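There are 2 protein chains.
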Amino acid sequence: MRVTLLDTGRMTIDRSQVLWNVDCGTKLWFPIYAVLVEHPDGLFLFDTGVDPDHVRAAFPWERIEQTPEQRLEAQLRSAGASPDDVTHLVNSHLHFDHVGANRLLRGARTFVAEAELRAARAPQPFEALAYSDRSFEEASAFELLEGDVELAHGLRLYATPGHCAGHYSLLVDGDAEHRSMLFTFDAAYSLENLEREIISGFHLDPIAATESIRRLKALAAEHDAELFVAHDLPAFAGYRRAPDAYELSGVPA
Amino acid sequence: MRVTLLDTGRMTIDRSQVLWNVDCGTKLWFPIYAVLVEHPDGLFLFDTGVDPDHVRAAFPWERIEQTPEQRLEAQLRSAGASPDDVTHLVNSHLHFDHVGANRLLRGARTFVAEAELRAARAPQPFEALAYSDRSFEEASAFELLEGDVELAHGLRLYATPGHCAGHYSLLVDGDAEHRSMLFTFDAAYSLENLEREIISGFHLDPIAATESIRRLKALAAEHDAELFVAHDLPAFAGYRRAPDAYELSGVPA
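So the protein sequences, as listed, match chains A and B.
Just so you know, the working numbering puts 4 at position 4 of the first sequence, and the rest follows in order with no gaps.
Just so you know, the working numbering puts 88 at position 88 of the second sequence, and the rest follows in order with no gaps.
Check each hint, because a few of them may be wrong.
Simulated crosslink set (EDC-like; lysine to aspartate or glutamate; CA at most 20 Å straight-line) [what the hints assert, rightly or not]:
#1 K27/B to D84/A
#2 K27/A to D23/B
#3 K217/A to D205/A
Covered by chain B, per the in silico footprint, the following chain A stretches (three or more residues, Cβ under 8 Å) [as the list claims (entries may be wrong)]:
#4 52-58
#5 117-131
#6 198-210
I should point out that these hints are in silico values taken from the structure, not numbers from a laboratory.
Note that the coordinates shown come from a computational prediction; the quantities given were computed from them, not determined experimentally.
The C-beta atom is built at its ideal place from N, Cα and C for all residues, glycine as well.
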């Protein structure tokens with residue numbers, strides 16, 4: 001397997017939205033990325049990043065940066081692929097910053113948690129902005145998942161709800177070359193969410209979200225996994241990004 | 001009946017904690033008050049305000065102001081009563097800014113929602129600070145309530161959970177002299193929470209909290225009630241406060 005992180009830009013957020021009720025009024029930059037996995041069964045993409053035009057229209061009080069090189073098609077090219085090569089797309093959830101380029105992946109089988117699609121179609125009032133990029137409806141014919149799912153050998157989705165109704169985190173099995181990789185997606189924006197067990201300021205169910213943080217910590221310990229959090233600029237600076245990648249030979253550790 | 005608002009001080013809060021995720025970084029002053037009702041069946045007190053020593057220790061990043069005249073005993077005196085005169089105490093919920101002087105009311109029968117006492121004794125991690133004034137445990141032998149309750153003729157408690165596990169709002173029946181009075185307590189910190197149907201930044205269950213805001217709006221409409229919100233300084237400035245009071249003759253409207 002080869003795992004490539006695709007950097008699709010960054011936007012601003014309040015630190016109290018990363019860490020609920022902490023340091024209100026401190027603006028942070030927030031990286032947004034997708035994960036590409038070349039696998040014997042196909043080319044798997046997890047999330048599609050953000051549409052900056054949507055952000056400018058829906059969140060005019062935030063700043064967004066996406067260079068031409070950060071558009072998803074350019075990022076895929078940098079990883080040696082084109083949108084048409086992607087066979088499987090998984091949306092960790094359906095918030096605007098995870099579905100922004102679903103429209104490019106019409107040829108891929110597309111997966112999402114069943115509870116998430118239902119929630120996105122009838123959001124709570126406080127979730128309306130998070131689900132405001134509706135382009136996935138026209139772009140994607142979702143296959144619906146429930147509970148933990150082994151998507152392919154060595155690629156497992158773990159249900160980590162609370163941030164929203166249905167949410168998946170991704171475990172990529174490690175090998176002799178590299179430890180397992182645990183992509184938390186928005187169940188943990190930052191390492192600090194995990195360390196302090198504080199959920200993000202955007203959430204549907206704070207109790208479930210707290211349980212999901214604990215589940216991620218337990219999974220990381222159980223699998224000796226390296227943690228890849230969703231929206232932590234200092235942590236992101238330390239990750240390999242396209243065209244660089246994590247190469248996994250598949251030889252057991 | 002005579003209804004007297006007891007001003008027990010004020011502290012600072014972020015506007016995004018009054019209105020979830022709105023205007024992060026804007027500090028506001030937050031009034032804290034209790035409600036005294038002289039009723040043929042006894043002297044009823046709703047909430048007991050805040051203990052500033054507790055706030056200084058537990059929330060050192062916030063400012064608190066409580067003058068000697070704003071201590072609960074002084075406020076009761078201003079309303080012509082002493083702590084020993086209070087026959088019934090109701091805590092709308094058990095957050096620190098609603099239980100700060102329960103210790104003065106040991107002689108009163110004391111009521112709280114059953115779900116609230118249970119939650120306060122085993123809080124979620126994100127609720128630990130809200131329940132950090134534990135003095136109610138030693139001060140109060142609670143009688144536990146469930147669902148909507150007619151506490152006495154013309155004094156009704158409505159279950160409005162979501163901000164926390166168990167929460168009551170209070171409706172005082174009006175008469176020819178004055179409209180009914182609906183005290184939202186923390187189910188609505190401010191009028192803006194009601195108008196925009198946005199819950200406060202501190203909450204246990206956002207869906208239930210949103211439903212409670214809608215319930216309060218429906219109750220206010222149904223009973224043509226004047227709304228008294230919990231923590232809105234401009235609104236509070238327009239309320240009569242001890243020694244002034246709302247006099248209700250009991251003659252039907």
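Each hint tested on the structure:
The hinted pair formed by K27/B and D84/A fails the criterion: a straight-line CA distance of about 50 Å is larger than 20 Å. For a cut-off of 20 Å, the pair hint linking K27/A to D23/B stands: about 12 Å separates their Cα positions. Our distance criterion of 20 Å between C-alpha atoms is met by K217/A and D205/A, whose separation comes to about 19 Å. With 0 residues carrying a beta carbon less than 8 Å from a beta carbon of chain B, the segment 52-58 of chain A misses the three-residue requirement, and the given coverage is violated.
Counting residues of the segment 117-131 of chain A whose CB lies closer than 8 Å to any CB of chain B gives 3, so the stated coverage by that chain holds, three being the minimum. Residue count for the segment 198-210 of chain A with a Cβ under 8 Å from a Cβ of chain B: 10. That meets the three needed, and the coverage hint holds.
In summary, the structure is inconsistent with hints 1 and 4 from the numbered list given earlier, while agreeing with the others.
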